[in-house]
Amino acid sequence: MKATLAPSSLISLPRQKASSLRSPSLLINSQRPSSALMTTKTASRGSVAVTAAATSSVEALREGIAEFYNETSGLWEEIWGDHMHHGFYDPDSSVQLSDSGHREAQIRMIEESLRFAGVTEEKKIKRVVDVGCGIGGSSRYIASKFGAECIGITLSPVQAKRANDLAAAQSLSQKVSFQVADALEQPFEDGTFDLVWSMESGEHMPDKAKFVKELVRVAAPGGRIIIVTWCHRNLSQGEESLQPWEQNLLDRICKTFYLPAWCSTSDYVDLLQSLSLQDIKCADWSENVAPFWPAVIRTALTWKGLVSLLRSGMKSIKGALTMPLMIEGYKKGVIKFGIITCQKPL
Amino acid sequence: MRLIVHNMLTCNVKGVVNKFPLKIVAEKVVKKEVDFNLDFLWHMLAKIEWKALVDGARSLGYSELPDHAEALESNESFLKKFHHALLELHLEEGSLVCKETGRKFPVKKGVPNMLLHEDEV
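Those protein sequence lines, which keep their order, are chains A and B. All letters in the first sequence, in the order written, are residues 45 to 390 by this note's numbering. All letters in the second sequence, in the order written, are residues 2 to 122 by this note's numbering.
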């Protein structure tokens, strides 16, 4: 992070000139993920005392996320399987979602992430937290792989229940369990987990600094943290923020998927550095996930896909219609898929 | 929710000192058999907060656990009780209560809800 902004004061990280720094709640407002934020818009521009508005907009975002996944989780499971994250492909490969190939790619994503972070069998991973666990695909996979105990947290009660049911069906109940909890307020003691896993959940966190702080807090000394997430491109030297057209594109995506403001991979690295984490590494895997979206769209446009979408309701339909924006963002270099990993000092 | 999870959950309300363990108020408890895994139990024994497990098991209607953990090798009957309490008792409906504030975290369909309200953060 730039020296002028203490990490704990950041709610959203697009850089601003000090003189034009908008209030934290306004930065969330610009994404407008929920109608509750509309009422604070005119009142808070330029005003200082916006903490109350900021806090209730965070709660509105949290409810929006929970509802979104309560409603759409079944459909995503039908299309994506029990891993609710992107597959990892060789760049420019063509993907058919009806193949078993996409599931293999989703597992490859987990394996590539573990490998990138240097997490191997020898590391004696015994306790894992899956932050933003969806229906628990990563937890179940990692628990099987390492014989570890995995705790998953999600905002969605529907997902937590489904995750537990899938664990029971796969005879993994003793190793994995799922709770409704907030990634920004995790109900665990400091230093509990050998591996802290956040697979495509960072996008939903309204306060990236707080999110990273919590990940670090619950990591055990010597433990590893793995964050795989959607980011916007790194800002160039002297650039204060994204271009207006870029911000506009992200705003439209945010509204549909209940995403607060985006940050860059560099922002995550800066946050981890400020918290004295070691062995911080990052990579741009945008090319490796790009084949996924056109394949999702093709599936959605099949007869089966359309029927499922219509059955699942407006949030799912809006989600499907927003996918071309993700492709546009990727093609124009605004949207990046990144991995950031590190180790907590002993 | 099984006791292996209860043994990790804390009350994360701001300012609370006595945040672990949470008291269990059970409304519906279900027993589900789970395969015995000695290696897993061995690792868990080292990490488990024993008193919390004993009290938690009592709240779920199981009082067979001794007040102190025994060395694993010694006693097959102890092992079975440990396994049963840790992994086979499920709280389906009820709540987890913070001992300091009395704050209740509901457990519905086996899933604890640890979300805080905005004034607790």
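For the record, the hints were derived by calculation from the structure and aren't laboratory data. As the structure is a prediction and not an experimental result, all values here were calculated from the model. Positions of the beta carbon are idealized from the N, C-alpha and C atoms, including for glycine. Among the hints, a few may not be true.
Below, a sample of chain B positions facing chain A; criterion: calculated Cβ distance under 10 Å [said to hold, decoys possible]:
1) 9
2) 14
3) 19
4) 20
5) 21
6) 28
7) 30
8) 39
9) 84
10) 88
11) 94
12) 96
13) 101
14) 102
15) 121
Next on the checklist: Need the list of violated hint numbers for this structure, in ascending order.
Outcome noted: 3, 6, 7, 8, 11, 12, 13 and 14
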